[in-house]
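Trainee: Below are the chains, spelled out letter by letter.
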Amino acid sequence: MAEYWNIAPERKEFVESFFKDCPEPEVSLEFIITEKDFNTAGKGSAEIKNLLKRLGIDSEILRRVAVASYEAEINVAAHSVGGRMTSNVYDELIHIRFEDNGPGIADIAQAMTPGFSTADDLVREMGFGAGLGLSNIEKNSDMLHIVSERGKNTVLELMIFFG
Amino acid sequence: MTLRDVAKLLEAEILTSETDLDRPVPCAFASDLISDILMCTKEPTLLLTGLANTQVIRLSDMIDITAIVFVRGKQPSQELVEMAVERGLPLLRTKLTMYRSSGLLYSSGLRSCAI
Chain V
1 MAEYWNIAPE RKEFVESFFK DCPEPEVSLE FIITEKDFNT AGKGSAEIKN LLKRLGIDSE
61 ILRRVAVASY EAEINVAAHS VGGRMTSNVY DELIHIRFED NGPGIADIAQ AMTPGFSTAD
121 DLVREMGFGA GLGLSNIEKN SDMLHIVSER GKNTVLELMI FFG
Chain Y
1 MTLRDVAKLL EAEILTSETD LDRPVPCAFA SDLISDILMC TKEPTLLLTG LANTQVIRLS
61 DMIDITAIVF VRGKQPSQEL VEMAVERGLP LLRTKLTMYR SSGLLYSSGL RSCAI
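Here the protein sequences come in this chain order: V and Y. Quick note: the first sequence uses my numbering, first residue 1, plus one each step. Quick note: the second sequence uses my numbering, first residue 1, plus one each step.
This is chain Y alone, in the form it adopts within the complex:
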């Protein structure tokens, strides 16, 4: 699955300019708890989250996040988007809930990350 497929399935808006939509997405993890995300992400992973503060970007400095999907229509600040652009980290935003987003991606073949 590529980022383009993810965006299409989730009817997501792409928040970062110059995003390479052909970037492959190997697996995903969904959570609103930073400690859980840190513990469960041991390989390049698509992160689905409702957290839209800048610590989510700091988090991506620690672990290997392929891209972030903000669920439930969460709108990150301009500052957050700029931090992501600096790091070449793609950001997407969907109005769908975390449960629905996860279900759609999973049933289209995107596996859960190894924990």
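Next comes chain V alone, as it looks inside the complex:
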């Protein structure tokens, strides 16, 4: 099993206590992501963005949430046999967890490298597969955590603070 963490330094303390206390979210939404279903992939992220917009979240934060979440949602559709995204909204942040059903990432550090991609032709024809997905997620999140095992599955979770 391999694990990857990236937490903005100023959020470290908060993130640690968050995972220790596991607080109850204000709102929780779940979407199923189907393998190679590029007609619906992205719908979950669009709904999350709309929900946060209704809650009056700042537009720059909305953009970051939408971009990070969409990239992660596409990753599940493009690279796994399917999975689900669970979005938990709290007063001060959103936590989104993507869990797929395999096959897992062979080398997380390599997958994080901008330009590296294992996308197939179908995925590339759609305009994906630039190898920028994970780094786009990292750039737009305050916390990124990936746990993966080749032959098993991948769990990617991210957090974005509202202020």
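Quick caveat, the hints were computed from the structure, so don't treat them as lab data. Just so you know, even glycine gets a beta-carbon here, dropped at the ideal spot from N, CA and C. The reader is advised that the hints may include incorrect statements.
In silico SDA-like pairs for lysine to any residue, Cα to Cα no more than 20 Å straight-line [as the list claims (entries may be wrong)]:
id : chain 1 : residue 1 : chain 2 : residue 2
1  : Y       : 42        : Y       : 66
2  : Y       : 42        : V       : 135
3  : V       : 43        : Y       : 85
4  : V       : 36        : V       : 53
5  : Y       : 42        : V       : 162
6  : V       : 139       : V       : 121
7  : Y       : 74        : V       : 121
8  : V       : 36        : Y       : 112
9  : V       : 36        : Y       : 77
10 : V       : 43        : Y       : 82
11 : V       : 43        : V       : 28
12 : Y       : 95        : Y       : 73
13 : V       : 36        : V       : 117
14 : Y       : 8         : Y       : 33
15 : V       : 36        : Y       : 33
16 : Y       : 95        : Y       : 42
17 : V       : 43        : Y       : 8
18 : Y       : 8         : Y       : 87
19 : V       : 139       : Y       : 64
20 : V       : 53        : Y       : 87
A short, non-exhaustive set of chain V residues, derived as facing chain Y with CB atoms under 8 Å [said to hold, decoys possible]:
id : residue
21 : 36
22 : 38
23 : 67
24 : 116
25 : 130
Far from chain V, some chain Y residues (derived; all Cβ distances over 10 Å) [stated by the list, open to error]:
id : residue
26 : 32
27 : 85
28 : 109
Take the given structure of chain V and dock chain Y to it, following the hints.
Mentor: Just chain Y, lined up with the frame of chain V:
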């Protein structure tokens, strides 16, 4: 510059009905890679692309796209056009290449979006 000016410069066909051609176009970005478009669009932007699948419309749910110009004569499906109409997103189509389209718009004063 307005959408009307863009359509005229690119000799573009308007694919969405009831498009407000007086809509102002502040800046533009051109790419065929979804991750690039996501990363580089931080303000209302005209998108020039050769991608004509429905993910381009999903993309516009995430970021602020003023209108989309399909270059190189790419013809989107009826489904894609309907998704755009639902969202009030104008679609244009030009036979010109991405390079030529970008050059024409840029030399007429349409700036590149801030990245």
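Trainee: So which of those numbered hints doesn't the model satisfy?
Mentor: When the structure is compared with the hints, numbers 4, 6, 8, 14, 16, 17, 18, 21, 24, 26 turn out to be violated.
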